[in-house]
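Colleague: Assemble chain B onto chain A, guided by the hints.
First to last, the protein sequences are chains A and B.
Here the first sequence stands for residues 4 to 125, where the numbers follow this note's numbering.
Here the second sequence stands for residues 6 to 166, where the numbers follow this note's numbering.
The hints are simulated quantities; they were obtained by calculation from the structure and are not laboratory data.
Hints are not guaranteed to be accurate.
[To be verified] Covered stretches of chain B (in silico footprint by chain A; criterion: 3 or more residues with CB under 8 angstroms from a CB of chain A, positions within the stretch not fixed):
| no. | stretch |
| --- | --- |
| 1 | 40-53 |
| 2 | 56-63 |
[Stated by the list, open to error] Derived coverage of chain A by chain B (criterion: at least 3 residues anywhere in the stretch with Cβ under 8 angstroms from a Cβ of chain B; other residues may be distant):
| no. | stretch |
| --- | --- |
| 3 | 61-72 |
| 4 | 89-99 |
[Said to hold, decoys possible] Cβ-to-Cβ under 8 angstroms is the rule here; a few derived chain A residues that face chain B:
| no. | residue |
| --- | --- |
| 5 | Ser-78 |
| 6 | Leu-81 |
| 7 | Ile-82 |
| 8 | Val-104 |
| 9 | Ala-108 |
Glycine residues also receive a C-beta, built at the ideal position from the N, C-alpha and C atoms.
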Amino acid sequence: MIEWFTTVQIVVAIVAGLLCLVLGLAGRTPADLTMGSLVLVEVLLVVQLVIAIIAPFAGNPPTGDLVEYYIYLISALLIPPAAIVWGLVDRSRWSTVVLGVAALAIAVMVYRMQEIWLHQVA
Amino acid sequence: MSSPTPATPTPAPRESAAGPSAGTPSRRSLGVGRVLIAVYAVLALGATARSVYQIITEFDKAPLAFSLSAVSGVVYILATVALLRSGRTWYRIAWITISFELLGVLVVGTLSVVSPDLFRAASVWSLYGSGYGYIPLVLPILGMIWLYRRRSSPDLQPAKV
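In isolation and in its complexed conformation, chain A is listed as follows (with noise of 0.2 angstroms):
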């Protein structure tokens, strides 16, 4: 894992997660701005998995549990892509609000994540 990536990873599904939030409860249904914030979180999550397949090779091994860890990642890898089905689905403001609250929790399972891999003792 590469702590300052994880960092901006985490600022972005926050930033992320905050816009949508704010424009959805301003009425705004979900448009190119709020989607395109989820798919740049799922972007990043997916450039995590491949950090996370090469680091262990590459002198970078976790602290914590690897099976912890990925269980976390291929978690948060699914809800990006579940709330953008949901805004094209359901095009009404709480659609954005969901996109807004599951860029928040992606920013939560980051955090874990890092906890996980650079300070967990297994």
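Modeller: What follows is chain B alone, placed relative to chain A:
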């Protein structure tokens, strides 16, 4: 809540007649309910994923806590589905599952404070769900409020009893 109508480029046919967010109160509560369902779905995923992990890696360490995690995961999934579906039966299942969750978080939360040995390993409900931002404690209450407000919803009326 006012909404900037011109700034919404996306066509929203169902709502465009009265403006993007000018739904009736019942529509609005239905909308808020969707957010509730989304949060339930995330919690269902979290609880289930955690229990799968715990059961495959360290079931022997704390069978009680991990079995409970698994049960809570299944109940969250059932509650999510029940909230999504319409009709009296699902409405009743939603009440049962959400009540079970509230009971679970209160009982397990209290036990984990009073006798930590019993729940040395964390479950979703330990310490009233503190590991999950107390969402497991707050969510059933919000769910009950939402269900209560939906009690006169049209899809719940036709059948007698």
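Colleague: Evaluate each hint against the coordinates.
Modeller: Going through the hints against the structure:
{"no.": "1", "hint": "40-53", "result": "holds (count 7)"}
{"no.": "2", "hint": "56-63", "result": "holds (count 4)"}
{"no.": "3", "hint": "61-72", "result": "holds (count 3)"}
{"no.": "4", "hint": "89-99", "result": "holds (count 7)"}
{"no.": "5", "hint": "Ser-78", "result": "holds (5 angstroms)"}
{"no.": "6", "hint": "Leu-81", "result": "holds (7 angstroms)"}
{"no.": "7", "hint": "Ile-82", "result": "holds (7 angstroms)"}
{"no.": "8", "hint": "Val-104", "result": "holds (5 angstroms)"}
{"no.": "9", "hint": "Ala-108", "result": "holds (5 angstroms)"}
Checked against the numbered hints listed earlier, the structure breaks none of them; every hint is satisfied.
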